[in-house]
Amino acid sequence: GRAGVAMALGLLRRELDLAMALCGCPRIADITRDLVEPTSLGPPP
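In the numbering used here, the protein residues as written are 3 to 47.
Everything labelled a hint here was simulated from the structure, so no lab data went into it.
Cβ coordinates follow ideal geometry from the N, Cα and C atoms, glycine included.
Misleading hints may appear alongside valid ones.
Claimed, not checked - Label-pair distances were calculated between CB atoms; the ranges are:
no.	residue 1	residue 2	range
1	GLY3	ASP36	22 to 32 Å
2	ALA10	ALA31	16 to 26 Å
3	ARG4	ASP36	36 to 46 Å
4	ARG35	ARG4	27 to 37 Å
5	GLY3	CYS27	25 to 35 Å
6	MET9	ILE30	13 to 23 Å
7	GLY3	GLY26	35 to 45 Å
8	PRO40	ARG4	27 to 37 Å
9	GLY3	PRO28	25 to 35 Å
10	PRO40	GLU17	17 to 27 Å
Generate the whole structure from the sequences, applying the supplied hints.
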């Protein structure tokens, strides 16, 4: 229900906040492609 969605979104927000802090990105706009590591085993796009 609504409470579950709110909880899930809160968890995602905290994870994003932590990941951004660990990368030194204070704003979403500061996240660039060079900070994202592909998880597939194929060649990068």
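Hints and how they fare:
As the Cβ distance of GLY3 to ASP36 is approximately 40 Å, the hint placing it in 22 to 32 Å is violated. Restraint check, ALA10 to ALA31: a C-beta distance of roughly 24 Å satisfies the suggested window 16 to 26 Å. For the pair ARG4 and ASP36, the supplied restraint of 36 to 46 Å holds, since their beta-carbon distance comes to about 38 Å. A C-beta distance of roughly 35 Å is found between ARG35 and ARG4, which places it inside the suggested range of 27 to 37 Å.
Against the hinted window of 25 to 35 Å, the Cβ-Cβ separation of GLY3 and CYS27 comes to about 33 Å, which satisfies the hint. A C-beta distance of roughly 22 Å is found between MET9 and ILE30, which places it inside the suggested range of 13 to 23 Å. At roughly 37 Å, the beta-carbon separation of GLY3 and GLY26 lies within the given 35 to 45 Å, and the hint holds. Remark: the range hint 27 to 37 Å for PRO40 to ARG4 is upheld by a beta-carbon distance near 35 Å.
The supplied range of 25 to 35 Å is met by GLY3 and PRO28, whose beta-carbon atoms lie about 34 Å from each other. Between PRO40 and GLU17 the CB atoms are about 19 Å apart, so this pair conforms to the stated range of 17 to 27 Å.
Violated hints amount to a single one, hint 1; each of the other numbered hints is respected by the structure.
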